[in-house]
Amino acid sequence: MNTFAERLSFARRLRRLTQAQLARAAHMSQGAIANYESGSRQSPRNIFPLATALRVSAQWLSEGVGPMEYDAPALAGSRYGLSESDLHPTVLDWPFKDISPEIYWSLSEADRELIENTIAGLIASLLHKPQNQG
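Residues 60 to 193 in our numbering are what the sequence shown lists, from first letter to last.
If you're looking for bench data, these hints aren't it; they were derived computationally from the structure.
Small disclaimer: the values here were computed from a predicted structure and weren't measured.
The C-beta atom is built at its ideal place from N, Cα and C for all residues, glycine as well.
A portion of the hints provided could be inaccurate.
[Said to hold, decoys possible] Straight line, CA to CA, 20 Å or less: simulated SDA-like cross-link-like pairs of lysine to any residue:
#1 K156 to R114
#2 K156 to Q118
#3 K156 to N105
#4 K156 to I174
#5 K188 to N176
#6 K156 to I182
#7 K188 to I178
#8 K156 to E128
#9 K156 to R171
#10 K156 to L166
#11 K156 to T177
#12 K156 to N176
#13 K156 to A179
#14 K156 to E175
#15 K188 to T177
#16 K156 to I106
#17 K156 to I178
#18 K156 to L181
[What the hints assert, rightly or not] Distance ranges between label pairs, derived from CB positions:
#19 S167 to A79: 23 to 29 Å
#20 N61 to I178: 31 to 37 Å
#21 Q101 to Q80: 19 to 25 Å
#22 S99 to L73: 18 to 24 Å
#23 G90 to S184: 38 to 44 Å
#24 L166 to R74: 21 to 27 Å
#25 S167 to P189: 34 to 40 Å
#26 G125 to P189: 35 to 41 Å
Using the sequences and the accompanying hints, generate a full structural model.
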């Protein structure tokens, strides 16, 4: 499987999902899924909703790099996200243990940008924080 279209189609069929079912799970249109699988549209900007719905690594789905699946347990049962009964557990390349991708992607683009900018600012401040002397 050399292309995103091939990997997407393979993972969808492996999970026994129709294009419509995957579209609903990833909050996309069925047309978008069909276009990705046919190769008429390239890899999506928001790969995480697809990877999460398919329970595969986003890096594998997007680039064909690394393992398709993880052996480690899913991050279900977190404070803000998935419960034990949810159908689509979080994959391990999602960076937050207490926030599910479903909740993040349900936010508006402006809210997601605010979150990203806030995290970037926090990381920058932590990287430039003086070390405590003994």
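Comparing the hints with the structure gives:
1. K156 to R114: 16 Å, holds
2. K156 to Q118: With Cα atoms ~18 Å apart, K156 and Q118 stay inside 20 Å; holds.
3. K156 to N105: 19 Å, holds
4. K156 to I174: 15 Å, holds
5. K188 to N176: Since the Cα atoms of K188 and N176 sit roughly 18 Å apart, the hinted pair holds (cutoff 20 Å).
6. K156 to I182: 17 Å, holds
7. K188 to I178: Holds - the C-alpha atoms of I178 and K188 are around 15 Å apart, at most 20 Å.
8. K156 to E128: Roughly 18 Å separates the two Cα atoms, so the pair holds.
9. K156 to R171: Status holds; Cα separation ~17 Å.
10. K156 to L166: 18 Å, holds
11. K156 to T177: 17 Å, holds
12. K156 to N176: Holds - the C-alpha atoms of N176 and K156 are around 19 Å apart, at most 20 Å.
13. K156 to A179: 18 Å, holds
14. K156 to E175: With Cα atoms ~16 Å apart, K156 and E175 stay inside 20 Å; holds.
15. K188 to T177: Holds, at roughly 16 Å.
16. K156 to I106: 18 Å, holds
17. K156 to I178: Roughly 15 Å between the alpha carbons, so the hint for K156 and I178 holds.
18. K156 to L181: Cα-Cα ~17 Å, so holds.
19. S167 to A79: 23 to 29 Å: 25 Å, holds
20. N61 to I178: 31 to 37 Å: Distance hint for N61, I178 holds at roughly 34 Å.
21. Q101 to Q80: 19 to 25 Å: Since Q101 and Q80 have Cβ atoms about 23 Å apart, the given range 19 to 25 Å holds.
22. S99 to L73: 18 to 24 Å: For S99 and L73 the Cβ distance comes to about 22 Å; the hint holds.
23. G90 to S184: 38 to 44 Å: 43 Å, holds
24. L166 to R74: 21 to 27 Å: 25 Å, holds
25. S167 to P189: 34 to 40 Å: 37 Å, holds
26. G125 to P189: 35 to 41 Å: Holds, since G125 and P189 (Cβ atoms, about 36 Å apart) stay within the stated range.
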